[in-house]
Amino acid sequence: MGFKNSIAWYYFSAPKNFYVLAGRLIPWFWGAAIVLLAVGLYMSFFVAPTDYKQGESYRIIFVHVPAAWMSMFIYLLMAAYAIIGLSWKVRMAEMMASALAPTGAMFTFLALWTGAFWGKPTWGTYWVWDARLTSELILLFLYIGFMSLQSAIDDPRRASRASALLAIVGVINLPIIYWSVKWWNTLHQGASVSPTMAPKMASTMLTVMFIMAVAFWMYTIAVVLMRARRIILERERQTTWVMDLVKAGTGDKQ
Amino acid sequence: MNGINETGAAVQPSLMSAWRAMILRDLTLAMRRRADVLTTLFFFIIVVSLFPLGVSPEMAVLREIAPGVIWVAALLASMLSLGRLFSDDFQDGTLEQMLLLPQPLSVLVLAKVLAHWLVSGLPLVLLSPLLGMQLGLDGEAIGLLMLTLLLGTPVLSLIGSVGAALTLGVRGGGVLVSLLVLPLYIPVLIFGTGAVDAATSGMEYDGHLSLLGAFLVLAALLAPLATAAALRISAE
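Read top to bottom, the protein sequences are chains A and B.
Under the working numbering, the residue at position 210 of the first sequence is numbered 210, and the numbers go up by one with no gaps.
To convert, count from 1 in the second sequence and add 1000; that's the working numbering.
Some hints here could point you the wrong way.
[Said to hold, decoys possible] Listed below are the simulated DMTMM-like cross-link pairs for lysine to aspartate or glutamate, each with C-alpha atoms no more than 25 Å apart in a straight line: (1) A:LYS182 / B:ASP1206; (2) A:LYS182 / B:GLU1204; (3) A:LYS182 / B:ASP1197; (4) A:LYS182 / B:GLU1064; (5) A:LYS89 / B:GLU1096.
In case anyone wonders, no lab produced these hints; they're calculated from the structure.
Based on the sequences and whatever the hints tell you, model everything.
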């Protein structure tokens, strides 16, 4: 990392500058999300071949699998921001961790919901107590715990630091929980996609899945930046730049 | 221990004596309020007694669910008692004095958690054979159940202390702490009940016990650090 680069990092970790940067980036991420989502959904309905065993119902995995990936990535990202926020006292990182949580919880819920709809025609039941379903459910509990702690504490500074610590404790526990649950019950089929093995799926299906995953990423970034901007305005409302923004009335009303 | 020496300089108590003083203080306080300890214990008994009424009085059924029932009841009982861990000290200002002590906070936290376990976790372990007998477990299973509780309940107290520290002085803290802490209790529950289930179905259970022991070591190492950090956040 060059000298200039590190300056930029410091520059944008100030909420005021981040607010402006995020405002410029949001339309691009929204645009990418909408285009990719349209392409991905079209391909998953009309281009991807019908599965010879599962028929048409398998198509829900184009939403389900990327949503499940996102649910885990977002928790890791949240914990990473929490670590940065707590150890270097970067306010912006704490705000990003808070901004990520609702989207992470939403994807966790989406993964569980679509999984249930996939399970009914495939396994004959909406819910089984197997390792992956159970640990995904526990992940949802962790997200809800994070958000409840945040909203229960009135002082925003203390709220974000306490929930950041909780996210770190959660991320240490996550592998332990995962392996315990996996050991406890392994009914689920093996992983269909893994980096070490050759994928067992048709390559079109894989492509569609990756397009959907990137679309979800774009959506996540756009939504999280919007949420972060709102958190900035709320927390920095005593500062002159926010007051100026309000007075000028140019702050775009998102 | 703490005082002024001949030259007039303040003498700092050693870490060990501070540790001992902390445990004795917390135990004394708990003994002055025996009702609190007994409430947790009776809660444990009542929850377990509800299951035969709710599920079935058949001994065969009860024997099957006994380890899980007793473990879940222990989980809930130990969670209920978490509120007392720091809240009194927080309200009367003792906690702030502890934060100012020269001794590392995490070590003192470990002392407090140990004292808390002695009055809220250990009684559950000692009472569990009685409940095991009520639910029709045989002698070997009861012994193993006690052993898993002996290894597992300190882990519950340690993990719980993080949640208790994070929710200090927060409105609705009691319910909130359950939301934060119960998901983290799951591995202990799995291996605690798993050991007894394995033994009753004639399988090896050493692995479960080893893992519970590993959880205890890991929790004793990391949880006090997290709790100390949480206390500093809550008390600032």
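Quick rundown of the hints versus the structure:
Between LYS182 of chain A and ASP1206 of chain B the alpha-carbon distance is near 18 Å, which keeps this suggested pair within the 25 Å criterion. Of the pairs offered as hints, the one joining LYS182 of chain A and GLU1204 of chain B holds, with about 18 Å between alpha carbons and a cut-off of 25 Å not exceeded. This hinted pair checks out: LYS182 of chain A and ASP1197 of chain B have alpha carbons roughly 17 Å apart, not beyond 25 Å. Proposed proximity of LYS182 of chain A and GLU1064 of chain B is supported: the alpha carbons are some 22 Å apart, at most 25 Å.
A hinted pair counts as satisfied when its Cα atoms are at most 25 Å apart, and LYS89 of chain A with GLU1096 of chain B qualifies at roughly 22 Å.
Violated hints: none; the structure is consistent with every hint.
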